[in-house]
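Chemist: Listed below are the residues making up each chain.
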Amino acid sequence: DGGITQSPKYLFRKEGQNVTLSCEQNLNHDAMYWYRQDPGQGLRLIYYSQIVNDFQKGDIAEGYSVSREKKESFPLTVTSAQKNPTAFYLCASSPGQGAYDYGYTFGSGTRLTVV
Amino acid sequence: SQQGEEDPQALSIQEGENATMNCSYKTSINNLQWYRQNSGRGLVHLILIRSNEREKHSGRLRVTLDTSKKSSSLLITASRAADTASYFCAPGGGADGLTFGKGTHLIIQP
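Those protein sequence lines, which keep their order, are chains A and B. The numbering used here numbers the first residue of the first sequence as 1 and each following residue consecutively. The numbering used here numbers the first residue of the second sequence as 1 and each following residue consecutively.
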């Protein structure tokens, strides 16, 4: 079945440590996105990529980094510069974007906790 | 992209009743999308309505769009316990990613 796989489901990070969240899709979608969700809040866009080897900052990119070396993969690194990384992280993809947007397909999320 | 604002923030109804939630936005759009999120899970795309459409149906879901009022509504008919979730609207059509508000938290009482 086609879909998006996020791993791990739960992740614990020590202070000052970088961690990488995985996002893989087999939907042949061009566009991929990373969101952060805090309790009782909406989703805030961290980074997005419309095509391989290109990505753009979203509303809250500081302290995060991404890469898009393959169409299927869009990993997110939470760096030590992100002072409050505890949150639920969601990855999504869509066939494309622009004037004729398509619905997004979301992964099941990674819950990151700083210990 | 702009963020939609869902109203009410929370809604509790009896099973079998209809649930209506609303979304307002500020600037013109090409389409508007509705998503559902069950607790601790990712969002699920429910329906997309384009700016030249006024109403769209999908199973027990009915979405309306009034571009003159910059608002949309989502109606869930004959609600079920499984409909308990948060519902988000996302005004679309921009060059960047969709933006999601705080959503409407719907609780279906048995």
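Take the hints with a grain of salt, since some may be wrong.
[To be verified] Facing chain B, from chain A, some residues (calculated, C-beta under 8 Å):
hint : residue
1    : PRO39
2    : GLN41
3    : THR105
4    : PHE106
FYI, nobody ran anything at the bench for these hints, they're computed from the structure. For glycine and all other residues, C-beta sits at the position ideal for the given N, C-alpha and C.
Chemist: State for each hint whether it applies.
Modeler: Comparing the hints with the structure gives:
Hint on A:PRO39 is violated. Least Cβ distance to chain B is approximately 11 Å, over the 8 Å limit. Here the hint on A:GLN41 is kept, as its CB sits about 6 Å from the closest CB of chain B, short of 8 Å. The criterion of a C-beta within 8 Å of any C-beta in chain B is met by A:THR105, whose closest approach is roughly 7 Å, and the hint holds. Proximity of A:PHE106 to chain B holds as hinted, the smallest CB-CB distance being about 3 Å (cut-off 8 Å).
The earlier numbered hint that this structure contradicts is number 1, and it is the only one.
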